Each structure stands twice: as C-alpha cells, then as structure tokens.
Amino acid sequence: MSASYQAIGWNRQKKRYDWFIAGFCALYLSIFIVLTAIFNSQYTFETVLIRSTSTLAILILHVILCIGPLSRLNSKFLPLLYNRRHLGVTMFFLAAIHGTFSIIHFHALGDVNPFVSLFTSNTNYNSLHGFPFQALGFFALIIFFLMAITSHDFWLHNLSPKVWKTLHMFVYLAYFLVIMHVMLGAIQYESHPVFVIMIAMGAITVISLHLITGLKEVKKDNARFDPAKNGFVSVCDINEIEESRAKIFCIDKERIAVYRFENSLYAIHNVCKHQGGPLGEGKIIDGCITCPWHGYQYLPNNGQSPPPFKEKVSTYDVMVEGTKVWLNPSPFPEGTERPGALINNK
Amino acid sequence: MVKQLRKRHLQVWAVLLLLIPCAIIAGWLVIPNQQPGNLLQPQESTALQVILKSVQKENYIVNLRTNNDRSASQLEWINKSALTSPSALIYKLTNTSTKDISSNDLIGRIDVKGTYHFPLKNDSAVNNKFVLYDIIHQQVIDTINF
Amino acid sequence: MNNEFYIGWLPKAPGGFAKHIKKVLLALLPVMIIVGITLALLQKKFDTGNFEFGKLTEVKGIYFNKPVPMIKVVNGKDIWGNISYLGIPLVGYGKHGAEGIMMELEKEKNISLTQKEITLKGTLIYNDGKTIMQVNEDDNPLVHVADSKAANELLQQQKDLGVSKVKGEIIDPKCYFGVMKPGEGKVHRDCAIRCILGGIPPMMKVRNEKGENNYYLVVGPNGENMNNAVQDYVGEPVEIEANLVQYDDWIVMYVKSDKLISRISTLALLRNETAIISCTMGNCNK
Chain A
9 MSASYQAIGW
19 NRQKKRYDWF
29 IAGFCALYLS
39 IFIVLTAIFN
49 SQYTFETVLI
59 RSTSTLAILI
69 LHVILCIGPL
79 SRLNSKFLPL
89 LYNRRHLGVT
99 MFFLAAIHGT
109 FSIIHFHALG
119 DVNPFVSLFT
129 SNTNYNSLHG
139 FPFQALGFFA
149 LIIFFLMAIT
159 SHDFWLHNLS
169 PKVWKTLHMF
179 VYLAYFLVIM
189 HVMLGAIQYE
199 SHPVFVIMIA
209 MGAITVISLH
219 LITGLKEVKK
229 DNARFDPAKN
239 GFVSVCDINE
249 IEESRAKIFC
259 IDKERIAVYR
269 FENSLYAIHN
279 VCKHQGGPLG
289 EGKIIDGCIT
299 CPWHGYQYLP
309 NNGQSPPPFK
319 EKVSTYDVMV
329 EGTKVWLNPS
339 PFPEGTERPG
349 ALINNK
Chain B
569 MVKQLRKRHL
579 QVWAVLLLLI
589 PCAIIAGWLV
599 IPNQQPGNLL
609 QPQESTALQV
619 ILKSVQKENY
629 IVNLRTNNDR
639 SASQLEWINK
649 SALTSPSALI
659 YKLTNTSTKD
669 ISSNDLIGRI
679 DVKGTYHFPL
689 KNDSAVNNKF
699 VLYDIIHQQV
709 IDTINF
Chain C
116 MNNEFYIGWL
126 PKAPGGFAKH
136 IKKVLLALLP
146 VMIIVGITLA
156 LLQKKFDTGN
166 FEFGKLTEVK
176 GIYFNKPVPM
186 IKVVNGKDIW
196 GNISYLGIPL
206 VGYGKHGAEG
216 IMMELEKEKN
226 ISLTQKEITL
236 KGTLIYNDGK
246 TIMQVNEDDN
256 PLVHVADSKA
266 ANELLQQQKD
276 LGVSKVKGEI
286 IDPKCYFGVM
296 KPGEGKVHRD
306 CAIRCILGGI
316 PPMMKVRNEK
326 GENNYYLVVG
336 PNGENMNNAV
346 QDYVGEPVEI
356 EANLVQYDDW
366 IVMYVKSDKL
376 ISRISTLALL
386 RNETAIISCT
396 MGNCNK
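Chains as they are written, first to last, in our numbering: chain A, 9 to 354; chain B, 569 to 714; chain C, 116 to 401.
Just so you know, not all the hints are guaranteed correct.
Straight-line alpha carbon distances no greater than 20 Å define the calculated SDA-like cross-link-like pairs of lysine to any residue that follow [said to hold, decoys possible]: (1) 571/B / 177/A; (2) 224/A / 579/B; (3) 134/C / 261/A; (4) 575/B / 222/A; (5) 170/C / 53/A; (6) 571/B / 583/B; (7) 261/A / 575/B; (8) 134/C / 81/A; (9) 697/B / 194/C; (10) 160/C / 604/B; (11) 571/B / 76/A.
Note that these hints are calculated values from the structure, not bench results.
Every value quoted in this text rests on a predicted model; they were computed, and no experiment measured them.
Using the sequences and the hints given, assemble the complete structure.
This is how it looks when you write it as structure tokens:
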C-alpha cells in the first residue's frame, strides 16, 4: 500500500516473482522453438514465434485464472495472488507479440489496411467452421490490453474500485474468446487430438476450481443464525476466536469479521477497500488488522487505516454475554469509532 | 469480495459452465474432413514388366524397366518425397560435361510427386549415367548411375 | 490455526508459505515442460516449400497473360522430339497479383509482351515440382524482350480433359508454395483470401490417398478472373465442377458459371452449402 504512487514498489518478493516468470517464459519458448527447429525443420521463424508466444500466453492465462480460487481454498497460495498482475501483464505482452505478428503476417502487404483486412477478408460470420476466428483473438487482446494498462493501483483508485473490478471481470469474457479463437482456428488445422484434449483439460481445471470454491462460499453465505434479539445475533462461542485472529459471519449475505485483540472483540466489514480481500482471514499485526491479500491495514476500533493512509471500512457493535458472542449486523458509517466488547475472565 | 461481486461471479461461471464445453465440442465437431480426389498428374502410365536395375535414393527410386522380350525400355521414377528444386529434368549423359546440358539427351521432367514412366530408346541404357538437372538454377541436383 | 501470516510488502514470506510456493513452482515446472514438448512435437509437419527471399533469378521464356500471367520456359526437345516446358505463373510483391506490374511493363515498353520470348528477373517460390515467380517493379524485372513473337510450335498446347467434379482446397499459390508455412487450411485462410483478392491466381489443391497432390488453376468458364467468386470458399474442403484443360504442364479448371462450388463439411452448422457464381465482363462473382 502506498500514500503516493510509484511505478512498481519493488521488493525482494516482487523481484523473485518476476524472475521466476521470466525464467519460466524463457524456458518454455526455448523448448518450443528448439524442438520445432529440430523435429519440424521446414518451419518459418514467423510461424514458430506466433505459435510459441500464443501457447505460452494461454498456459499462463490458465495459471492466472486458477490462482484466485486456489487462494480461497488454501491461503498458502496467497504469495501467488499478491503479484498476480505481473503474470497478467506478462501474458498480455506475449499475446501482443502473437497478435502483432499475426496481423502483419496474415494481413499486411495486401491491398487494404491490415486492420480492415482482419475483419473483411473472411466474412463467414454466419458459419461455425468458417468463422473468422482471428477477430475473436483480436477482441480478447483488446480486453487484455485494457487490463494490463490499468493493472497499477493508480487506476484502481482513479477509476474507483467498482469500475476497475468490472473492467477486470472481463477476463472471463476474454478467456471464452480465447477458447473460441483456438477451437475455430488452430484446432481446425492441427489434426492431432492432443490439442483439443489440452484445451479441454485446461477449461475443466479452471471451471472445477471455480465451482468448488463457489460452492464453499455459497455454504458460508447460507449459514443460518437464530433470530436477532434487540438487533444482536448470536454468532459463536468466544473460544472459537483466536487471539489476533478473526471469525467471519455472513448475515444477510454481507460478511462481518469479528477480531479478538487484547481481551476485547471488534467487528468490521470483511471486505478490504483495496481489492475486496477477506479482512477476516487476516491477522492483527502491530495493532492493525492486516489484509491477507495485499497487506492493507485497518485499526480494529474504528476501521480506519493508520495515517497517512486513508482507507476506511464499516464497523459494527459486538457484545459478549458469558461465553456467547453477539453481533449487530447493522453497519456504522465507515471509520466510526466503536468500543470493543470486553471479554470477561479471559 | 462483496455480496454483489460474489453474485456476479456466480452468474458468470454459470454461463461459462454452459458455454465453454459447448464451444469446445462444437469446434471439435466442425473440424473439416478433406476427402481424397483423383489426380491427373502425372499422366497415368503402365510400368513395363521387368526391372533390370534399380537405384534407391533418399527422396526417390529410379528403376530401369524392360518388357519380357526386351524390345522396349523405360525409366521409372518414383518420388518418395516432394521435389525441393524449382525444376527437375532427367538427362541421359551423352558426354561427360554437364556445362551445356542441352547437348545431352532429355528424357523428361519431374513435376509433382508421383510415379513417372519415360520410354527410352533401346540403346543399351543399362550402363548409362543419368542426371537430375535444375534448368532454372543451372545446376545438377543428383546423378543416377545404374 | 497456524500462526504464520503472509504480507506481500515484507521482504520475505513466512517459512510455511515459502515452502508451499516452492512445491507449487516445482509442480508447475514439469507441467510447463510437458505442454511445451507436446505442442511443439505434435504440430503438423510443415511442407517443404522454398521462397528465395532476397535472391533474384533470371528466367527466359514465353510470356502469356491467359489463363493467368505466366512465363513458359522451353526446356528443349526430349529424345522423342516432344518439347518439354516449365510453366511459371507470376505473382506480384506482397499479397498482389502480377497483372498490374506486367501491364505497367507493357505500357513502359509500349508493346504487348504476350507470346514474346522475354527474360524476367524475379524471386522464385517453389515446392513439389511447381514454381511461381514474384516480379517486383523495384527489381527492374524485364531484362530482355525478343523482337518478334515466338514460333507457333512453342506456344501453349491445349488438351481437353473433359468435365469433372474436383474435390480439394482452394489455395493461394504464393503462400502455399513457399512463402508461408502452413500456406493452407483454416489458420491460413484470411491470408489466402487477402492474396487472392489482391490478384494472385487461385488454385485448387487436390490430394489423393497416398498424400500426393495436384494443383489446378481456377478460372471462370471463359477464362475470367475468379478471385472474387472464390473468396468464401478458400482454405476448406470444396468440390468444384469444371471443364479441365491441360496446357502442357499446368491444368486449368474452367468453372462452369451455371454450376456450383460446394463445400464438403463434416458438419456444416448454420451455413449455406453452395453458391452460384456469375461471370460478366471478365470477372466472376458470387
């Protein structure tokens, strides 16, 4: 998190992340190009460049799409989530090389502008097997481009998190377009079944992970509580919440995190102001609730980020009676100071 | 993730769960099936019955054929792989120099990959040297010694 | 709960997280290698075509502009007295045909080049016994023109092969014979269309069960240009009914205007199967 914007706040973890990405990319491209050169020696450089960058980009896209659900299923994947945008930008660069070379290779030096040619050479939009698959790839690339250029937090704040997130949700449309681009393009020519099998396996993996994660989340959302008494809902026993950690409760589909800190309980809205991370899965470090995704921090008593940072989340009233914890799900305005609930005899 | 975003994810994945398998299956079903056709080149020809001599090369097989009573002879050319030169003419060498290739006997031209039969004159072709010559680049591609 | 907590902006990740990520990366590595090896090795084999990019070759022969711009090299007489020919269709620079540049050369010299023996300088493209030549005005392609027309015996010998239904794929010869790999199929379709619409003569590639190919020039019923008419049918299995005529070493398909080009598909979803083409004023359209 930063009070002012730097291009990239390099730290050791980011550097290692990026070195690994670079290493993996270099290794994949070398393997593909060298093996093609040896075993398919009549290749042309343009074709092998177009194919190596595109297949690597699709592989990276699948990894990117798996990181989200994997991090929900096992928090140990969080280091991959933290700098996922680096993977996204890398994927875009590879896809851009593929797209640029393809447009030049297949559409330049003709009698019309290459971009006009892209949409007007093959006009069989009413056919599946004749479909102009290159147009699908083009639109996917546009989405990846918009995502890549807005990947810095500067855009997150200036577009507003809601607009930014809506834009970045288009990755799913882009994924579908990429699958269609491959199925109606390369697969129509490459006769070996392994290509379809790989695309299918990739899709099955991504879809399954999202479904499994989604079902788990739906279960949490559907947790039932006894009816409220004077606005308070009985949520759990005090022993269920560890020191400096929280438990999350979903009441009326909104999630609230109840933290235990220094003999008191505090309740804040579960959603981090940065990118919607689950604050209740974080930890109190140096007196601050710390988001597990990107480390954004909030004070437990008022939901405000420590100065000079300005983010604020809603706070809630919480009560302890004996060993029972009661929570009032009506939120106070963001940043409102609320006294913690004293835990007696603990 | 806020409630609305979770709902949006659910909607998106419900749609993708349907669309992605349909896209993969439909794309697989419409993979074109190229049907074989009959070729007109090289022209159909009949091989003479007896193979007198045979030369096996990496990209082609060349046979000297004759009929049962040795009254006719033929050069049979079978391509194993497509030609990779702009032209390929078969000459029977009548002199040792290929500098002026046209002074040698032109037997025929190899065009597309296939099997060719070139009738030869019955003048002891058995010990002759043949060359495969590229008239465009003016160079010998290969020599065939029986 | 494990008391380790990951904070991305700290220099180091806690031990448990670091260990897990190492395991994940170690697992990803073989996946990535296997994907790379599999995809690289199982690509369809590229064809043998050759594009002599950057190299100019002079070719002497007789020029014809029908059925397509072509220079016909006379190899001489064989042992039976038959003249052997090598027909080299001409194409222009990039995704263009040669008609434009040949007309420019004729205008420049103020003569018709048809049936004259000329020496052209261009870039060769060849595969599987067929050769194409790219002529580019920047290369000063016309080296020499003979004063008079070539002798009648050297002109194109025609042989009627009759009407036939031919199954194959429409290709653009420039890409197919060496400039692009692959120069056929769906992946190359857009480029082939661009080339054909730019004037490169469409050809029909026919393949038999042994994997041997033939290549026929595709023109209209009276030799008209078919470039626009075939636009929707390039790069996929089609069947064309045409009158086939052999001109020495090239076979030309004269597509009948009242007959059909039809698609051969395993499953043609949402698509019209056939097209009727009409030809007027030297051009055929769908």
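Hints, verified against the model:
1. For a cut-off of 20 Å, the pair hint linking residue 571/B to residue 177/A stands: about 15 Å separates their Cα positions.
2. At roughly 16 Å between alpha-carbon atoms, residue 224/A and residue 579/B fall within 20 Å of each other, so this suggested pair holds.
3. Note on residue 134/C and residue 261/A: the hinted pairing is violated, with a Cα-Cα distance of about 35 Å set against a maximum of 20 Å.
4. Restraint check: the Cα-Cα separation between residue 575/B and residue 222/A comes to about 10 Å, which is no more than 20 Å; the hinted pair holds.
5. Only pairs whose Cα atoms come within 20 Å are accepted, and residue 170/C paired with residue 53/A is accepted, the gap being roughly 18 Å.
6. Using a Cα cut-off of 20 Å, the hinted pair residue 571/B and residue 583/B holds, with the two alpha carbons roughly 19 Å apart.
7. A threshold of 20 Å between alpha carbons decides the hint, and for residue 261/A with residue 575/B the separation of about 10 Å falls inside it, so the pair holds.
8. Only pairs whose Cα atoms come within 20 Å are accepted, and residue 134/C paired with residue 81/A is accepted, the gap being roughly 17 Å.
9. A threshold of 20 Å between alpha carbons decides the hint, and for residue 697/B with residue 194/C the separation of about 15 Å falls inside it, so the pair holds.
10. Between residue 160/C and residue 604/B, the direct Cα distance comes to roughly 19 Å. Compliance with the 20 Å bound is thereby established for this hinted pair.
11. Under the criterion of a C-alpha separation no larger than 20 Å, the hint pairing residue 571/B with residue 76/A is consistent with the structure, at around 17 Å.
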